[in-house]
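Colleague: Take a look at the letters that make up each chain.
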Amino acid sequence: MHRNPQRPLSPHLSVWRWGPHMLVSILHRITGSGLATIGALALIWWLTAAATGAEAYEYFVSWAISPYGIFVGIGLSWALFQHTLSGLRHFVMDIGAGFELTTNKFWANMTLVGSAVLTALLWAYIVMVK
Amino acid sequence: MMKMETPIARVRGLGSARSGAHHWWLERLTSISTLVLFVWLLMSLLRLPSLDHQAVTTWLASPVAAVPMLLLIVSTFWHLKLGLQVVIEDYVHEDGWKLFSITLLNFLTIAGGALAFFSVLKIAFGGDVTNG
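Here the protein sequences line up with chains A and B, keeping their order.
Residue 1 is where the first sequence starts when you use this note's numbering, and the numbers rise one by one after that.
Residue 1 is where the second sequence starts when you use this note's numbering, and the numbers rise one by one after that.
Hints were generated in silico from the structure; no laboratory data involved.
It is possible that some hints are incorrect.
[What the hints assert, rightly or not] Among chain B residues calculated to face chain A with C-beta under 7 Å, some are: (1) ARG10; (2) GLY112; (3) ALA116.
[Said to hold, decoys possible] According to the in silico footprint, chain A covers these stretches of chain B (three or more CB under 8 Å from chain A): (4) 28 to 37; (5) 56 to 66; (6) 75 to 89; (7) 99 to 107.
[What the hints assert, rightly or not] Quick look at which bits of chain A chain B covers, simulated, 3 or more residues with Cβ under 8 Å: (8) 30 to 36; (9) 46 to 58.
Even for Gly, the Cβ is constructed at its ideal location relative to N, Cα and C.
Same shape as in the complex, but just chain A:
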């Protein structure tokens, strides 16, 4: 069947081009779910260990500073920054602003850049100063 490629595509659930706004949208949900499960467990473990005593706390720290713990820590901090920045973007969209194609795409990309930069800065600070 002949199809003129110059003609715009009609909206269709499975015919679309991937864009940064879609990535950021699903990342908001993925990072949120990760923080709500793994992040919450880490917070609970840290606080109960601190309240239990020095030995329990040492055990927590031994996990936290292990390669596995640092990997999870970097992941959680990135997830926190990404979720926060795209959450702030959602506030702007909640008031009905920032839906123009270029603006929307720009700020979607900025949340990705911002979370990467903030994660790098945080861990650079931890490595250099701590």
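Model the placement of chain B on the given structure of chain A, informed by the hints.
Modeller: Same frame as chain A, but now just chain B:
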């Protein structure tokens, strides 16, 4: 076939029943409080001279650290409960599983939050926990 029920009786229980906006609003409200409190937590932890047991429990025992930490726990667990509930509602379509998942989510959130909350109280009121 003639419907023997009123239109309101047919839609009752099928929609948000006016609680959807409330959920949406609380999610925004707790996101702001969680954000503010996490900025505080991150700044506080980075400024502590050490993150060992002594330093952390001494810091958490002071009212100006314990109270924001307790608020952070309430705000964070409330926010994550609202968020995960939406995820469940979006992906779990079978009514029985949906009810089960959301019930479990409520129980786990409250249990986890209570555990964290009590831990801070113990550190704040318990005096010296260094010796167990």
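Colleague: Hint by hint, where does the structure go against what was stated? Just the numbers, ascending.
Modeller: Structure breaks hints 1 and 7.
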